[in-house]
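Peer 1: Chain by chain, the residues run as shown.
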Amino acid sequence: MSQIFAKGLVCPLDKNNVDTDQIIPKQFLTSVSRDGFAEALFFDWRYQADGSANPDFVLNEPQYQGAAILLTRANFGCGSSREHAPWAIQQYGFNVIIAESFADIFFNNSVNNGMLLISLSASNIEFLFNRCKQGPQQWQIDLANQEILLGNNAAVGFNIDQDVKQRLLSGLDFIGASETLSPQITQYEAQRRQNTPWLG
Amino acid sequence: MGRTLYQKIYQSHVVGSLNGSTDLLFVDRHLIHEVTSPQAFSGLKLAGRKVRRPDLTFATMDHNTSTQVRSYDAAGETSRKQLEALAANCAENGIELLDLYHPDQGIVHVIGPELGLTQPGMVIVCGDSHTSTHGAFGAIAFGIGTSEVEHVLATQTLPQQMAKTLKVEVTGKLSPFVTPKDVILAIIGKLGTAGGNGYVAEFCGEAIRGMTMEGRMTLCNMSIEMGAKAGLIAPDDTTFAYLKGKPHAPKAEHWDAAVSYWQSLYSDADASFDKVVTIDGSQIKPQISWGTNPEQVIAVNEPVPAPESFTDLIKADAAKRALTYMGLEAGQKLTDIKVDVVFIGSCTNSRIEDLRAAAAVVGSQKVASGVRALVVPGSGQVKRQAEAEGLADVFKNAGFEWREPGCSMCLGMNDDRVDAGQRCASTSNRNFEGRQGRGSRTHLVSPAMAAAAAIAGKFVDVSQISFSEGAQA
Chain A
1 MSQIFAKGLV CPLDKNNVDT DQIIPKQFLT SVSRDGFAEA LFFDWRYQAD GSANPDFVLN
61 EPQYQGAAIL LTRANFGCGS SREHAPWAIQ QYGFNVIIAE SFADIFFNNS VNNGMLLISL
121 SASNIEFLFN RCKQGPQQWQ IDLANQEILL GNNAAVGFNI DQDVKQRLLS GLDFIGASET
181 LSPQITQYEA QRRQNTPWLG
Chain B
1 MGRTLYQKIY QSHVVGSLNG STDLLFVDRH LIHEVTSPQA FSGLKLAGRK VRRPDLTFAT
61 MDHNTSTQVR SYDAAGETSR KQLEALAANC AENGIELLDL YHPDQGIVHV IGPELGLTQP
121 GMVIVCGDSH TSTHGAFGAI AFGIGTSEVE HVLATQTLPQ QMAKTLKVEV TGKLSPFVTP
181 KDVILAIIGK LGTAGGNGYV AEFCGEAIRG MTMEGRMTLC NMSIEMGAKA GLIAPDDTTF
241 AYLKGKPHAP KAEHWDAAVS YWQSLYSDAD ASFDKVVTID GSQIKPQISW GTNPEQVIAV
301 NEPVPAPESF TDLIKADAAK RALTYMGLEA GQKLTDIKVD VVFIGSCTNS RIEDLRAAAA
361 VVGSQKVASG VRALVVPGSG QVKRQAEAEG LADVFKNAGF EWREPGCSMC LGMNDDRVDA
421 GQRCASTSNR NFEGRQGRGS RTHLVSPAMA AAAAIAGKFV DVSQISFSEG AQA
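Same order as they appear, the protein sequences are chains A and B. Just so you know, we're using our numbering here: the first sequence kicks off at 1 and counts up by one. Just so you know, we're using our numbering here: the second sequence kicks off at 1 and counts up by one.
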């Protein structure tokens, strides 16, 4: 049974090693709120020093307005652990990122916000970038069947950790899930106090 | 079959299995700071949850604080609100906070070890990627995001899957003037900025054993810059000696039991690693980054590489972009390049040994004209120690600014920024585009290299300078 996790326009960001300082620069991290980061996304690339939009940056191109799927290259989200990075990406409108690979902390942060991050081989990523060169792409993501539906019956399959998949499909509160092990936590704490009393 | 150090610590912290391959791990220390915690506390409150173990949670203020004056008001309105939010959240939940006015306040990864909060065999987390620093003690320490901070506050645990293991052996003895910073930069240069993705790295070998605890912290600090989930070093007598007598270290009645437990923390001889890398430490030269990620690094006496010299097309393209951003050309020698700013500080290199190394190079010399140079000690303790030893006077007499503790110009969240187009010799950990300020050009170096650059007004091979000016090696 197909289940569409997300669908929409694809924006190709043809860069490797996009770090979280690029995704959202430091001046936006002083907020105490979880919202309001959409404008800050890729700030130094998106806006010129005088504050005007940078016409050469892909996100500003007219054909990519309203994009919902971000396509990029290897090691996306490296660097700082700031969760403001996935917040900014999601609040801008992307709930799916497709890349060759992701940095670990960024991956976890994104999943914890209900975002789907898909890793594909370099050749599949190249194939998808080439497809974007043919014109704006509208894709659908079938998470249950682990497929990116490219239209006209074309599709690219993907692998995903089954625990992550279940969390995304069920929308389960991950703190709530861990709290079901509260008795075990209490038991662990008691043992810890006995075996390693110096730990507190 | 034997187990690695990482696997031993991981398995001893499994509280239970969540499902599939995900375990719930107990967290021994949760360090928090003002930038990545406010949304976690709000979330907690919204869900009606409480902090499960305030006694295992410790807070400080470091990222957005002014290093000119110790005041909430000095870093601007939104930063002040963030600092006040942390103070209120800690007070409400009974969490110990070393606020801006506390004498031991400082960078979270400097004060954790200083206070003895960091110990072998622990699982330590913090909403900051450089939490890997604490791995120097033989702990699993890694950075987490704000949702995970909230999870740890609520449950004192974190869902995890066991990572792959990477062994990095650094053989031989290091040359004089080659520091742990040079070693980790050389390792990242070899493995690449994503070379450690999915792995926990264990550093070992003669060169690592010979390092002090502060040196090991510098090394583990930058494990994240090769993408590793964490980096760690098996504890030994150097570790135990460092910890003895620290305020939060095990007290006398538990000390022997603790040491005996710590002595069991090593990778078994027959443990197998998923990947092994060996580097000849005796061949490492003082390092300097030339590009916009930490793998773009060379020995200071090497020319800036040409993009065509990279066989990997992705690396070639990255090199081309980096040279443009950095305003450099292939073949240039960085020792011919002028610097505008020198920053000595950050969780990588702001400890007392770092300041001693820098001050030894400075001696009675002056900062070159036109160069803005600042020293930002990592903590109140480091600052007091440096002042007592006369290092602060060495820096001040030379023309360095001598600051209050904080993260400062490493990430420029406060007002310590590098202007567009300016070139900074920095002892920090990231040379990303715009990291120290929009358009800033960062070159990562050791404290001795940074100090030498400040004096010469350009990059210098620190192994070639003479110490006739009253400085001591």
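Don't read these hints as lab results, they were simulated from the structure. Everything numeric in this text was worked out from a predicted model, so none of it was measured. Backbone N, C-alpha and C fix where the C-beta goes; we use that ideal spot for every residue, glycine too. Just so you know, not all the hints are guaranteed correct.
[What the hints assert, rightly or not] In silico SDA-like pairs for lysine to any residue, Cα to Cα no more than 20 Å straight-line: (1) B:Lys190 to B:Asn19; (2) B:Lys251 to A:Asn195; (3) B:Lys315 to A:Leu13.
[What the hints assert, rightly or not] One-sided and incomplete, this derived list gives chain A residues near chain B with beta-carbon spacing under 7 Å: (4) Asp104; (5) Ile175; (6) Ser178; (7) Ala190; (8) Gln194.
Peer 1: Could you run down the list of hints and mark each one as holding or not?
Peer 2: Here is how each hint holds up against the structure:
{"no.": "1", "hint": "B:Lys190 to B:Asn19", "result": "violated (37 Å)"}
{"no.": "2", "hint": "B:Lys251 to A:Asn195", "result": "holds (15 Å)"}
{"no.": "3", "hint": "B:Lys315 to A:Leu13", "result": "holds (17 Å)"}
{"no.": "4", "hint": "Asp104", "result": "holds (5 Å)"}
{"no.": "5", "hint": "Ile175", "result": "holds (5 Å)"}
{"no.": "6", "hint": "Ser178", "result": "holds (5 Å)"}
{"no.": "7", "hint": "Ala190", "result": "violated (12 Å)"}
{"no.": "8", "hint": "Gln194", "result": "violated (12 Å)"}
Consistency with the previously given hints fails for numbers 1, 7, 8, ordered from lowest to highest.
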